[in-house]
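S.K.: Can you make the complete structure from the sequences, with help from the hints?
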Amino acid sequence: MTKINSIQVLKPGMHSSVQDLGCTGYRHLGVTTGGALDRHALILANRLLGNSDSSAGIELTSGSVELKFNCDIWFVVTGARYQISIGQRDIWCNWRNKIKAGETLTLRGPKSGMRAYLALEGGIIGGVENGMPDTDSPLGSRFSGVLGAVLKDGDRLALGQAGTISKPIGAVPRGYSNEIRALPGPEMSLFSTESKKSFWNTSWQLTNESNRMGARLSGTSLSLLQQQDMESHAVMPGTIQVPPSGQPIVLLADSQTTGGYPKIATVIEADLWKLAQTRPGEEIRFIHVSPNQADDANYEWEQYFYRLQRAIEANG
Amino acid sequence: MNAETNLSGHNKKLTMTTEQSPKVFRLGESAVVIDCTNFFPEVSRLTIQRKIWWLAERCRQTDDFIDIVPGMNNLTLFMKSTNRINYWLAQLGDFWLQAKQMNLSGRNVEIPIVYGGEFGPDLEQVARYHQLSCEEVIRRHSSGSYTVLFLGFQPGFPYLDGLDSNLFTPRLSVPRISIPAGSVGIGGNQTGIYPASAPGGWQLIGRTNMPLFTPQSPGSPTLVTPGDTVQFIPVASLEFDAE
Numbered sequence: 002m003t004k005i006n007s008i009q010v011l012k013p014g015m016h017s018s019v020q021d022l023g024c025t026g027y028r029h030l031g032v033t034t035g036g037a038l039d040r041h042a043l044i045l046a047n048r049l050l051g052n053s054d055s056s057a058g059i060e061l062t063s064g065s066v067e068l069k070f071n072c073d074i075w076f077v078v079t080g081a082r083y084q085i086s087i088g089q090r091d092i093w094c095n096w097r098n099k100i101k102a103g104e105t106l107t108l109r110g111p112k113s114g115m116r117a118y119l120a121l122e123g124g125i126i127g128g129v130e131n132g133m134p135d136t137d138s139p140l141g142s143r144f145s146g147v148l149g150a151v152l153k154d155g156d157r158l159a160l161g162q163a164g165t166i167s168k169p170i171g172a173v174p175r176g177y178s179n180e181i182r183a184l185p186g187p188e189m190s191l192f193s194t195e196s197k198k199s200f201w202n203t204s205w206q207l208t209n210e211s212n213r214m215g216a217r218l219s220g221t222s223l224s225l226l227q228q229q230d231m232e233s234h235a236v237m238p239g240t241i242q243v244p245p246s247g248q249p250i251v252l253l254a255d256s257q258t259t260g261g262y263p264k265i266a267t268v269i270e271a272d273l274w275k276l277a278q279t280r281p282g283e284e285i286r287f288i289h290v291s292p293n294q295a296d297d298a299n300y301e302w303e304q305y306f307y308r309l310q311r312a313i314e315a316n317g
Numbered sequence: 150m151n152a153e154t155n156l157s158g159h160n161k162k163l164t165m166t167t168e169q170s171p172k173v174f175r176l177g178e179s180a181v182v183i184d185c186t187n188f189f190p191e192v193s194r195l196t197i198q199r200k201i202w203w204l205a206e207r208c209r210q211t212d213d214f215i216d217i218v219p220g221m222n223n224l225t226l227f228m229k230s231t232n233r234i235n236y237w238l239a240q241l242g243d244f245w246l247q248a249k250q251m252n253l254s255g256r257n258v259e260i261p262i263v264y265g266g267e268f269g270p271d272l273e274q275v276a277r278y279h280q281l282s283c284e285e286v287i288r289r290h291s292s293g294s295y296t297v298l299f300l301g302f303q304p305g306f307p308y309l310d311g312l313d314s315n316l317f318t319p320r321l322s323v324p325r326i327s328i329p330a331g332s333v334g335i336g337g338n339q340t341g342i343y344p345a346s347a348p349g350g351w352q353l354i355g356r357t358n359m360p361l362f363t364p365q366s367p368g369s370p371t372l373v374t375p376g377d378t379v380q381f382i383p384v385a386s387l388e389f390d391a392e
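Protein chains in written order, with this note's numbering: chain A, 2 to 317; chain B, 150 to 392.
Don't take every hint at face value.
[What the hints assert, rightly or not] Below, a list of computed lysine-lysine pairs in the DSS-like style, where the Cα atoms sit at most 30 Å apart:
{"id": "1", "chain 1": "A", "residue 1": "K197", "chain 2": "B", "residue 2": "K172"}
{"id": "2", "chain 1": "B", "residue 1": "K249", "chain 2": "B", "residue 2": "K172"}
{"id": "3", "chain 1": "B", "residue 1": "K229", "chain 2": "A", "residue 2": "K275"}
{"id": "4", "chain 1": "A", "residue 1": "K4", "chain 2": "A", "residue 2": "K168"}
{"id": "5", "chain 1": "A", "residue 1": "K153", "chain 2": "A", "residue 2": "K101"}
{"id": "6", "chain 1": "A", "residue 1": "K99", "chain 2": "A", "residue 2": "K168"}
{"id": "7", "chain 1": "A", "residue 1": "K197", "chain 2": "A", "residue 2": "K275"}
{"id": "8", "chain 1": "A", "residue 1": "K69", "chain 2": "A", "residue 2": "K101"}
{"id": "9", "chain 1": "A", "residue 1": "K198", "chain 2": "B", "residue 2": "K172"}
[Claimed, not checked] Simulated restraints on C-beta separations:
{"id": "10", "chain 1": "A", "residue 1": "E104", "chain 2": "B", "residue 2": "S230", "range": "41 to 49 Å"}
{"id": "11", "chain 1": "B", "residue 1": "V258", "chain 2": "A", "residue 2": "E283", "range": "42 to 50 Å"}
{"id": "12", "chain 1": "A", "residue 1": "W93", "chain 2": "B", "residue 2": "S230", "range": "31 to 39 Å"}
Source of the hints: derived by calculation from the structure; they are not laboratory data.
Ideal Cβ positions, reconstructed from N, Cα and C, are used throughout, including at glycine.
M.R.: So, in structure tokens, the structure goes:
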């Protein structure tokens, strides 16, 4: 029997979890999309390793994480800046590095940003103990095994087939800013003139209650022109809903699929990652954009990854 | 048949009221919504929802969407590509005019419930609020036949139509931090079952041990689907998994 490449969790850190890019097609059953909160960071890490974009890696939220490897393998850490080391050797973020069987990878942080992504050659394909997910049943595999699960002491994660990487390569990540572009939501007009102004013109602080379901904000209280009950409707990552407290919540990857609060705006897909990288206590601002500007912003990401791909192919 | 006459009567109302048309709008970059909530209360929620089911089915025949998600008298279409947004923004109103009452071939699903006691800690409060006995609340709640309008919120959570208006009860002023899976509650004009443990503000009147969501199931991963009817069967006891 061939040995399975695997890693063992010696220290899990806080809220570390196995994430891929989530899945669609089940929202009518109440099943949310899930997946990495900073999708671009996970894609960047996977591209640098020659993995498919949707390969599963580890999303780190904070604390000290230690992982022991049973194989020689290449890995990349992207997203938030972490202090990374193998024994006495310091490791750069956004570069692929090789770790050897028996060595321990230590990640401490974040020094800046909020969530880091550790991708491994071949990707995480399941847990060693609880077997491999059933690939014929995507819904089944999403709710069993390791995908989306919070890491625990002693977990062992199985990795896919490694490739043929021979040398290090790195990438320059795109810069973070706290200006988050958004489109007006369908219920924007139900808010008072004052609230509409405050939404766009004042800054919002991310609170401690934020998690993978939503970024909860605190700032000027937003109010409707007149109180009214709304029927439940579909919501999605990026939807900014305003509950009666008047404090907006930006829904993220693990949000519910339907909700009944008024939707004041929607964060554009190209900027959703910034909410994953904002820490509690930090401030953000919303910038009003048009659907065309949102398309342009997506195009910029496409260009970034296109250039990256060309560079990898030239230097791989 | 009586029921059919009723339905076509509603249908006429839906199409004849020319000053009333559904709202069609874009949500974010890549979703389109058709919202028909303004037809209520002249038209019943179930009647409107039957046309929403028809629209959803019509949309499933194209290859334009990654997700087709009915809400309460509204439908959200998540597009594969923004290129087709304008087509659907223009087209949905026409499809609504063509939409028929869709009678999904629903099953009747009986769900056993232990009412009251530790499994329904708010039963007495609900009874007091309506000046009814606990037995009467149970009788009314379990004699209803509820139609699943759509699934949402949590995996497998059914939005049910048909709660006796004498049982409408406000939500708790302070929501519970965690409600056990299988809890049956009343929140405002709705009743429902929590598939998984979650925070929530509904008044809890009972609990079932029937799983509402089994993702590994080779058949339907959800216990009920839109169009099904649900009946709550009061039972003295059930075996619950240890929490």
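S.K.: Could you check the structure against the hints above and give me the numbers of any it violates, in ascending order?
M.R.: Of the numbered hints, all hold.
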